[in-house]
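We have chain A; now place chain B onto it with these hints.
There are 2 protein chains.
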Amino acid sequence: MRVRDALLGKPIPDSEAESESLGPAEAVPVLGLDALASAAYGPEAALAVLVALGAAGVRFIVPITAAIVVLLLLVQTSYRHTISAYPDGGGSYTVAKENLGRGASLLAAASLSVDYVLNVAVAISAGVGALVSAMPVLHRHTLGLCLALLVLLTFANLRGLRTTGAAFMVPTYAFVACLGVAIAVGVARLVAAGGHPAPVVAPSALRPAVEAAGAWVILRAFASGCTAMTGVEAVSNAVPVFREPAQRNAERTLSIIIGILVFLLAGIAILARAYGIGATDPERPGYQSVLSQVVAAVFGRGVVYDVSIASIMTVLCLSANTSFADFPRLCRSLALDGYLPEAFAHAGRRLVYSTGILFLSATAAALLVVFRGVTERLVPLFAVGAFAAFTLSQAGMVRHWHRRRRDRGARRALWINGAGAVATAVTLVVVLASKLLEGAWITVLVIPALILVFRRTSARYEEAARACDADAALDVTDLAPPIAVVPVKRLDALTFKALRFALGISPRVHAVQVLAAGHAHEDLSTRWADAVERPCRAAGLPPPELAVLRSRYRQVVDPLLGYVHRLAAEDRSRFIAVLVPELVEARWYHYLLFSHTATLLKMMLLFRGGPQVVVVNAPWYLDAPRRRRARRGRRGVVPLAAHTAER
Amino acid sequence: MRVRDALLGKPIPDSEAESESLGPAEAVPVLGLDALASAAYGPEAALAVLVALGAAGVRFIVPITAAIVVLLLLVQTSYRHTISAYPDGGGSYTVAKENLGRGASLLAAASLSVDYVLNVAVAISAGVGALVSAMPVLHRHTLGLCLALLVLLTFANLRGLRTTGAAFMVPTYAFVACLGVAIAVGVARLVAAGGHPAPVVAPSALRPAVEAAGAWVILRAFASGCTAMTGVEAVSNAVPVFREPAQRNAERTLSIIIGILVFLLAGIAILARAYGIGATDPERPGYQSVLSQVVAAVFGRGVVYDVSIASIMTVLCLSANTSFADFPRLCRSLALDGYLPEAFAHAGRRLVYSTGILFLSATAAALLVVFRGVTERLVPLFAVGAFAAFTLSQAGMVRHWHRRRRDRGARRALWINGAGAVATAVTLVVVLASKLLEGAWITVLVIPALILVFRRTSARYEEAARACDADAALDVTDLAPPIAVVPVKRLDALTFKALRFALGISPRVHAVQVLAAGHAHEDLSTRWADAVERPCRAAGLPPPELAVLRSRYRQVVDPLLGYVHRLAAEDRSRFIAVLVPELVEARWYHYLLFSHTATLLKMMLLFRGGPQVVVVNAPWYLDAPRRRRARRGRRGVVPLAAHTAER
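Protein sequence lines, in the order shown, are assigned to chains A and B. Numbering that gives the first Met the number 0 applies: residue 0 is where the first sequence begins, and numbers increase by one. Numbering that gives the first Met the number 0 applies: residue 0 is where the second sequence begins, and numbers increase by one.
Calculated directly from the structure, the hints in this document are not laboratory data. No false leads were mixed into what you were given.
For identical chains, the list gives no copy identity; a pair is met inside one copy or between any two copies.
Derived EDC-like pairs: lysine to aspartate or glutamate, alpha-carbon spacing no greater than 16 Å straight-line:
no.	residue 1	residue 2
1	488	341
2	488	468
3	96	336
4	488	581
5	488	522
The shape of chain A in the complex, shown without the other chains (with noise of 0.2 Å):
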């Protein structure tokens, strides 16, 4: 109890659950991060492309860094909209969920929960990217450093973290900052030099050319560009937790989040051409990330370059975690709509949804692994889930503005949403044709079984719920006390409280004794009459009846079952309750010294006793009654005053 207290915090209440409100400064921060962040692996991974170009491919990062510009611009428009419609947050399950239908709503939900995981995944490894291009000392220790990372951020998560918007705000402004800085400082000297600056660090040389330029790689380039937009959606999730106005404030703080995103990828691109920088293979030691040879160009390698280095891996780091708050949000969403296992609906004791988030980090973890921590290799199953996400909550818009569509605006604001649809639709096409076989194919298979397991999931329940269904009332017609079924070792003190528990519910108690060879104990007919017939007789009860039965196989549970089915059969109409006593011990090991005949037989009895049979564990505490007393007083009566108000 105590370990765990320490590892993950004391539990909280209810009735400090977060209550969240931001301005545009601090949401800026808090939903922006994993958007901005974007801007770190995006062009690096477009770069990673053209690099097969050598030094011609990077001429083209200004052109594909234009068209994604575009697109965000687009998008921002069209979220824009989704913002004023849903006040209330319209993330892409709920807007799919409203307008497209069930179908649509679990590919959103699967979509997204591959984005989510990937995120983590990608984030992570960017940053450690950016770690090891500053320290090459610790190039292989990747896997090692992004699992240690993943870790630090779930049992961060697990105890609950504050995600108040000072946290996020210094890294996410620094990181703002410094690339700002190192962009403007660049472009400066660009001009000043006429278009051909000197770097003060030059970059890592670029491989020769080894494919010549043609429409496959740009559109391959473009494709991987791509995942700098992930992230954007964050703001029109999030509407409630502004500050009144609300959808203002949310507007506002997407327009600036987006303004920045721009900017930062429009300079990266600019000063990656103009100083010739390219991805270098981040498999090999010497691997430099592009924003690292970008800082080291302008500022060389002093404190400015550690400082931005920091803020990168900060901000990183951190935009894994925005999955970290959002993934378990949906697991929740999906779960209380019967599509994931309930447990993924509970706030666990530091009101987080923990089975969400381990499942999260597990997940990541596998991905961390099997693509060894290189960003490069995760980028290409990335997008798409994005994407098709994207796509869903744009259509659904488009749906939504449809059906209302003699208001004011509406007109405007479908081909608005309708134009971001087709513009993301045709982008997800390019980016799954371009990526499928580079590893897109495992998001595209993974995406459907998402589905079939939320179908299964939620058909089990419904299954369930019929099974469980019952009348408005309860029936009380034909209530009879059960057949109280006692098997019993020996007479001792345990067989004779339960004895004397089947003789308070049940005037008809059977005894069963199985003698096993191989087990030393002495048949119990010889003494029953004297130890137990007679008492009941005196005491005007009828007295429980004992059959001996004897295993041929050594098995006491078998024949025990075969005992209860036949009495069952006998009487469908009455319970039969078999009373298992059980003895409690103080200490876990001494578990080790007896038989485990209790447990198996409770576990038989209901999974093969069937609907009439119903167990009766009376357990019998082997250690000193005082010593029980104290620990019961310390953690069990007195505390729960304090936990429960009764009503």
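For chain B alone, kept in the frame of chain A given last:
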């Protein structure tokens, strides 16, 4: 079930318990194998110490073997008297228990246990050593081969190896024949060559001396060589399995075994000296076991060599198997006396003591892994347990004869057993002193630790028996129906079933609903009157009372436990029966869908509920009744009839 049957075989009924009846010809392999196999590692262990003296060291093998042979003959005479005194089997544990009391018997038991475990590890590692001598390419797989052999032996023993003479006779007599012929031919050539025979295949070169000859190194070589004596006690344990006249047959068997062993030891020593054969380093490639060198020197590496090595390997593996037969039986005796957990006393589905087998296998595996399968490293741990058991057994016999000192022949027997006890005790001291730092300290620590475990276990059983102690007859005063507590979540079929059972066993039923934030359950108090109270009143039953508890920490179990404790405190004389409904699923993975509150609640009620609380578990089957009934028919009722014969 099928997989288990395939791996372990179908269950065996009690009636097929094996009954053996051996004459000397079959008994020599069955009971003597362990002792004879020692010839394969005893001389090697002595030579491994002498190797420090270089070529000069090999000469000492002859006097050392002579000392061991003298000791062996003394022990033989001593054991003949044990056989005549304990015709029902006089193992060290039994003899010590009957003559020296509890302390000595536990010391004997602990020593024997250690000895059995080490015998498995040493025999397997020596067998694999023989194999890699013949096939040097396998050298780097030494540990893997050891563990594979161990797994094979474990499975064979869990299935229940029929230890008939035949299975043992062929390899044992092949082993004796091969070595016997090699020794005879070798000695003949030795005589013919006037003491300096030329080897067919030259033995491995001896390393130069690193130590001067002295008493200490000779003592250490003697102590290592004493492992050749392990296993000679087997006959004295097993008198009842002999054909009549059992005692005489046993004595004759013991004489034959010792005779062969003396012949083998002497022959190996003479040939090792004549050919200048020393031990080679088993941890380096190029390792050659001493027997491999001897056979190769006499016959070269032809067919005879291959057959000899195969018989040595088989005999060593089978000698590991004698531990699998004897250790579980020793554990069973200890368990029946209350010194080990009950599980060791129960014969499993194949009539073998599975717990003992698995325990032996696990500890032997641990030893093999720690000592990397190298016989030489295991030997220092080995002889301590064996000689401690020898000494205790002889000392027990001294006491035995002392009590009967007026009988005819008792005085002479007393002297012989006394001499045996002194000789083995002196050897034990030599072994301890010379091997302590090389690893015997492990044995010296483990033996008292085991004794502690035996004593603690016994004390705990006595405590438990006292705690379960009961009067001679059932007390039926103050019998009253329990207070029934029904935790409810919703008004569904599970709840109604629980309420029906509760109303059937008690007029006082409390229903409890715990409302925790985040669990979307409606407050039942509004529907209670209509759904439950009204039908009860209409039927003239006292209606169940509903309490709705609110939980501030989203926990369900603690508030319920508090409620139960308060009810229990109100009336200390009545049982509180808590009804826990339980969904029973057809497929294990469906359990992932439901929260495990019921399981947790049951456990907490059992562990912290206190002596009044009884847990009633009512199953609710979710799958189709047809399928369930079919399954129950297949595995439940029908085979049960075959398993049991009811009185």
